[in-house]
Amino acid sequence: MIFDKLESRQLITLGADGILVRGTYHEVPRAATGSTSADKKIGVLFLNPLSTPRTLIGDSAVYWASSFAAQGYPSLRIDMPGLGDSYGEVAKDLVTFINNGGFAALVASKVKEFSDRFGLAGVVIYGHCAGGTTAIYAASKCTNCKGLIITDPYFNAANMLTPKLSPGMVDWARRTTVGEVLRAAYARIREARKKRGNGKLPGNANVTLVAHWKQLAASGLPILIFKSGEPAALGSSKLRAGAFDYLEHIASFAGQRSRLSLRTIEGTNHSFADRLGRAAIREHAEAWLHKHFPAAAVTAAQENIFCELRLTSVDLSVRQDESLRSL
Amino acid sequence: MFQSTPVQQYPESVITECAGYFPVPGAHLYTVLHEVEAPRARVLLVGSFASERHTSYRPWVQWARYLAARRIEVLRFDYRGVGESTGAFKEMSFHSWIDDVERLSTWLRKREGDAPLILHGLEMGALLAAKGFHKGEADALLLWSAPLNANQVLRSTLQRWIGPQQLLKREEDRRPPSHYFRQLDAGQSVEVDGYEWTPDLWRESRCFELPDTMVPPNDPAVSYKRPVRIVPLGKSAAPLVLGGLLNGFEESKDFSWIFAPNHEWIASSLHIPLEAA
Numbered sequence: 001m002i003f004d005k006l007e008s009r010q011l012i013t014l015g016a017d018g019i020l021v022r023g024t025y026h027e028v029p030r031a032a033t034g035s036t037s038a039d040k041k042i043g044v045l046f047l048n049p050l051s052t053p054r055t056l057i058g059d060s061a062v063y064w065a066s067s068f069a070a071q072g073y074p075s076l077r078i079d080m081p082g083l084g085d086s087y088g089e090v091a092k093d094l095v096t097f098i099n100n101g102g103f104a105a106l107v108a109s110k111v112k113e114f115s116d117r118f119g120l121a122g123v124v125i126y127g128h129c130a131g132g133t134t135a136i137y138a139a140s141k142c143t144n145c146k147g148l149i150i151t152d153p154y155f156n157a158a159n160m161l162t163p164k165l166s167p168g169m170v171d172w173a174r175r176t177t178v179g180e181v182l183r184a185a186y187a188r189i190r191e192a193r194k195k196r197g198n199g200k201l202p203g204n205a206n207v208t209l210v211a212h213w214k215q216l217a218a219s220g221l222p223i224l225i226f227k228s229g230e231p232a233a234l235g236s237s238k239l240r241a242g243a244f245d246y247l248e249h250i251a252s253f254a255g256q257r258s259r260l261s262l263r264t265i266e267g268t269n270h271s272f273a274d275r276l277g278r279a280a281i282r283e284h285a286e287a288w289l290h291k292h293f294p295a296a297a298v299t300a301a302q303e304n305i306f307c308e309l310r311l312t313s314v315d316l317s318v319r320q321d322e323s324l325r326s327l
Numbered sequence: 328m329f330q331s332t333p334v335q336q337y338p339e340s341v342i343t344e345c346a347g348y349f350p351v352p353g354a355h356l357y358t359v360l361h362e363v364e365a366p367r368a369r370v371l372l373v374g375s376f377a378s379e380r381h382t383s384y385r386p387w388v389q390w391a392r393y394l395a396a397r398r399i400e401v402l403r404f405d406y407r408g409v410g411e412s413t414g415a416f417k418e419m420s421f422h423s424w425i426d427d428v429e430r431l432s433t434w435l436r437k438r439e440g441d442a443p444l445i446l447h448g449l450e451m452g453a454l455l456a457a458k459g460f461h462k463g464e465a466d467a468l469l470l471w472s473a474p475l476n477a478n479q480v481l482r483s484t485l486q487r488w489i490g491p492q493q494l495l496k497r498e499e500d501r502r503p504p505s506h507y508f509r510q511l512d513a514g515q516s517v518e519v520d521g522y523e524w525t526p527d528l529w530r531e532s533r534c535f536e537l538p539d540t541m542v543p544p545n546d547p548a549v550s551y552k553r554p555v556r557i558v559p560l561g562k563s564a565a566p567l568v569l570g571g572l573l574n575g576f577e578e579s580k581d582f583s584w585i586f587a588p589n590h591e592w593i594a595s596s597l598h599i600p601l602e603a604a
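As they're listed, the protein sequences go chains A and B. Note that the first sequence covers residues 1 to 327 in our numbering. Note that the second sequence covers residues 328 to 604 in our numbering.
Read the hints as simulated data drawn from the structure, not as lab findings. Ideal placement from N, C-alpha and C gives every residue a C-beta, glycine not left out. Among the clues, some could well be false.
To be verified - Restraint ranges, calculated between C-beta atoms of paired labels, are given here:
(1) A:119 - B:438: 33 to 41 Å
(2) A:275 - B:433: 44 to 52 Å
(3) B:602 - A:263: 47 to 55 Å
(4) A:275 - B:336: 38 to 46 Å
(5) B:496 - A:284: 21 to 29 Å
(6) A:264 - B:415: 28 to 36 Å
(7) B:550 - A:4: 38 to 46 Å
(8) A:284 - B:438: 21 to 29 Å
(9) B:500 - A:8: 31 to 39 Å
(10) A:117 - B:497: 45 to 53 Å
(11) A:275 - B:422: 24 to 32 Å
(12) B:415 - A:291: 27 to 35 Å
(13) B:415 - A:263: 26 to 34 Å
Input sequences plus hints: build the corresponding full structure.
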């Protein structure tokens, strides 16, 4: 006998928009939630990054989703079309596709479906690395998104970083630890050179993505960012000091409404899959969820405030886009 | 704007894919049945080790769909304590994973409609599939990148993992792979890629071997009098198997050069018609 549901997990397919996306839903245990049954809960939607399936590396997403559900936040992990268990074509250059917001409309639609299907008050999107890029683009498109948890975001455009390298080399640099170190070193050098110039965004920045970040930060949307520590191989040289601080740049545009929180977890790696990374994310993310979405529910008043701020910030972001383009 | 296949244009075999949880002692296995009407044959896919699961996943699923589209029913699954299956990895052993293979092959064989059963293993899964076949679990055996023993897989996994980890650590904290091998030998657990390797798993891996009858120069087809095919896969097969430094990151990679000849072998060795998709 094969079941599609266990006591705390359920295998589901989202397909209301005609695109089938497979996922695993982690239910809130009846005894664990502090909210009453009448409360509408906030859900957490995990996006898979690139080709890594929805469990994420070391099955860390299973751990986090189970933990969040146990804290009163029902969680759903999904595979993007063409990846994991979801059927579909995959873009030839997946990194660039994602960097250009290729999955945004789909994720916005799935956020709404998740919310409607389980009667949620809203959804926090959890995105790791490239999944974080998709989360940023998607959050700008949907009112059901009430917050973001992003781990190890990046802000540069792969094709602008290394225009002379083969796509295979660019891909490798994006996805491996060795590539990560080389990329970080290269970016520092470029950024440091740029800083000596006019102090604006580095030339390899993904300007559209940064504009979406600013828009969301200015809207007051709660955003929790986790960063893994810098690779020690970079040393404590000037390379570190030369790094352009994108998050500071974004926060400086966001003003007082900004609810960006940043946690750097030293001693873990990019996947956060080790014991230290897992525990730190779990602890800080749960505290953050309880702070911004207490008792796993939002009131109608809070919901209206988020929508209002988001709409106001769209105009702001357009102006910022224009000023960025004029640099 | 994202463009994807509207649901009405999905292949029938994709719509009928059925994910579920299969109960085993102390856990539930995540399974996906690529269900086929009146199948010509059935295949149990026994995948790679935990650390390689995320890289090999997409081509593994593509292979399952390739077969299902050709009227070969496929069951794929996650081992106990790995991926979507429940259970704690650190409590698992090769014997619990062999038990997974045996239980699922029994279940698959009992499905309605008589069809030959093939066990197909990849890397670590090749050892498990080979053990199951050795016990008489299936009508044919297909192995991709079969190692000689499980310890070989664990060693190469740890070596691949430790290299990049060194870059994240200060010089004084860096340790060579032999340091971790010694730790395991001394009875301490080591965490690799988010999985806790226990000394028991390490010890067991040393004697978890490919049956002698499958080790060259022996001809397993002669020994078993059932079809057996052992295919070594090189780096060009990445990310199905781990590639070199620059291989294995193409999601849209076409694997038909591996899929087509293996499908042809299944059809010819089991005397079933070679179905087109």
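Handout entry: Hints violated by the structure (numbers, ascending)
Key = 2, 8
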